[in-house]
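Engineer: Note that the protein sequences, when read in sequence, are chains A and B. Read in order, the letters of the first sequence are residues 1 to 215 in this note's numbering. Read in order, the letters of the second sequence are residues 1001 to 1215 in this note's numbering.
No lab work stands behind these hints, which were simulated from the structure alone. Keep in mind that this is a model prediction, so the values were computed, not measured. Keep in mind that the hints are not guaranteed to be accurate.
[Stated by the list, open to error] Subject to a maximum C-alpha distance of 27 Å in a straight line, what follows is the list of computed BS3-like cross-link-like pairs (lysine-lysine):
{"no.": "1", "chain 1": "A", "residue 1": "K78", "chain 2": "A", "residue 2": "K96"}
{"no.": "2", "chain 1": "B", "residue 1": "K1078", "chain 2": "A", "residue 2": "K178"}
{"no.": "3", "chain 1": "B", "residue 1": "K1096", "chain 2": "A", "residue 2": "K78"}
{"no.": "4", "chain 1": "B", "residue 1": "K1096", "chain 2": "B", "residue 2": "K1025"}
[To be verified] Cβ-Cβ distance ranges computed for the label pairs, FRET-style:
{"no.": "5", "chain 1": "A", "residue 1": "Q124", "chain 2": "B", "residue 2": "E1133", "range": "16 to 24 Å"}
{"no.": "6", "chain 1": "A", "residue 1": "T73", "chain 2": "B", "residue 2": "G1008", "range": "45 to 53 Å"}
{"no.": "7", "chain 1": "B", "residue 1": "D1079", "chain 2": "A", "residue 2": "G8", "range": "38 to 46 Å"}
{"no.": "8", "chain 1": "A", "residue 1": "I72", "chain 2": "B", "residue 2": "P1175", "range": "47 to 55 Å"}
{"no.": "9", "chain 1": "A", "residue 1": "H203", "chain 2": "B", "residue 2": "I1144", "range": "47 to 55 Å"}
{"no.": "10", "chain 1": "A", "residue 1": "I72", "chain 2": "B", "residue 2": "V1076", "range": "50 to 58 Å"}
{"no.": "11", "chain 1": "B", "residue 1": "S1180", "chain 2": "A", "residue 2": "K88", "range": "18 to 26 Å"}
{"no.": "12", "chain 1": "A", "residue 1": "P17", "chain 2": "B", "residue 2": "E1185", "range": "45 to 53 Å"}
Note that beta-carbon positions come from the ideal geometry of N, C-alpha and C, so glycine has one too.
2 protein chains.
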Amino acid sequence: MGAQELTGRCVVLGAAPVLMPDKIKSYIRQDDYIICADGGLRTAQRMGIRPDLLIGDFDSMEQPACRPAETITLPVCKDDTDMMAGIKEGITRGWKRFLLLGATGGRMDHTIANLCALDFLARQGMENWLADESNRATVVQQGILELRGMNGRLVSVFPFGAPSCLLSYEGLQYPLCKESLVSVEPRGVSNRAVSDLVRITVHQGPALVVLSDEN
Amino acid sequence: MGAQELTGRCVVLGAAPVLMPDKIKSYIRQDDYIICADGGLRTAQRMGIRPDLLIGDFDSMEQPACRPAETITLPVCKDDTDMMAGIKEGITRGWKRFLLLGATGGRMDHTIANLCALDFLARQGMENWLADESNRATVVQQGILELRGMNGRLVSVFPFGAPSCLLSYEGLQYPLCKESLVSVEPRGVSNRAVSDLVRITVHQGPALVVLSDEN
């Protein structure tokens, strides 16, 4: 798959309810490699997108009559969720940049598991984002996250899978300089960007960064 | 406030979107003490409930013309979310059992912060639950959580604010006996109750327990 692997992106589309398919579709680029995790196929069909790969146990839906380019059928009894199985298959195929859609809302168990999946990708040094109608999120293991076009937007940071994280912020209303945030007192919530460029340095993570639209 | 404090429950109602107010109202008992956190008042009004206390900075809504029994106005610039301020005020007033409603959905930053708030309560030995249209969740610091009327229901467990937790389960399809779950591989997701009584023992936490309705 060559050079495409280095620059391209793998979108894994889960089965969570999508209220605004046009908004979700706007996140997808022409050259994304699209994996549907089980019921995520329904969302792809609503968006008029033909996935490159369908993976799932099909315990909650029939296998589609009109199949995508390729289908992998998983056993119903397995350790991984369909979303995680899709991510692992994407990694096996050489992708290093991931966007999860259809990953939040409805079933909270799946939402939390999908945030854990971001962490799973982060620990392997992979670009990981999740997006829904109102939010984008990524886990940063360690290093610098630069975000542009941010002025006025809400930015939240939480320790993830750890009791605390050590952070510096630039470009936010409440800046931090090598300060610790603890999970039990979520004081990194709903900060606001005061410049176009926001720089979040995670000295010690993992940190979950959430960009939310205002109501 | 005497004996009521020991047996009663404090409901903190947040501003997250409530799609099915009748379902949310069904969680509330006649003798609950109800705190509305800022925009949570709108949900209370939709449910026809007059709160005992309204607390907030009112940055996203006007102070209501028809006020609840009591109102506390917070500064707009503060470390705590309105939900956390409501919880802390409830603790100050002596409550030890909490249910958070209007706490999930829409703004993911608030959803995550509200899960952290469950942990905040758990660490003080307090009963803590959060509920929405499809899910109930609680954080267990250490000890035994017994759940009844569970047969066939989905039960998920995740480490929370920690890289791992040590668990035993009884009454679930995939039982555990003093086994470790790690945050980065969410294998505690979507287990299923096979008996009416489910017993989750958290030997080392915190653990987030999520009960989800099926789609």
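Engineer: Next, verify each hint and record whether it holds.
Structural biologist: Do the hints match the structure? See the list:
1. A:K78 / A:K96: Judged against 27 Å, a Cα distance of about 24 Å means the pair holds.
2. B:K1078 / A:K178: With a Cα-Cα distance of about 20 Å, the restraint between K1078 (chain B) and K178 (chain A) holds, given a limit of 27 Å.
3. B:K1096 / A:K78: violated, 39 Å
4. B:K1096 / B:K1025: OK: K1096 (chain B) and K1025 (chain B) at ~21 Å, within 27 Å.
5. A:Q124 / B:E1133: 16 to 24 Å: Check failed, 35 Å falls outside 16 to 24 Å.
6. A:T73 / B:G1008: 45 to 53 Å: holds, 52 Å
7. B:D1079 / A:G8: 38 to 46 Å: holds, 42 Å
8. A:I72 / B:P1175: 47 to 55 Å: violated, 29 Å
9. A:H203 / B:I1144: 47 to 55 Å: Because 38 Å falls outside the window, the suggested range is violated.
10. A:I72 / B:V1076: 50 to 58 Å: Cβ of I72 (chain A) to Cβ of V1076 (chain B): about 51 Å, so the range 50 to 58 Å holds.
11. B:S1180 / A:K88: 18 to 26 Å: holds, 21 Å
12. A:P17 / B:E1185: 45 to 53 Å: violated, 25 Å
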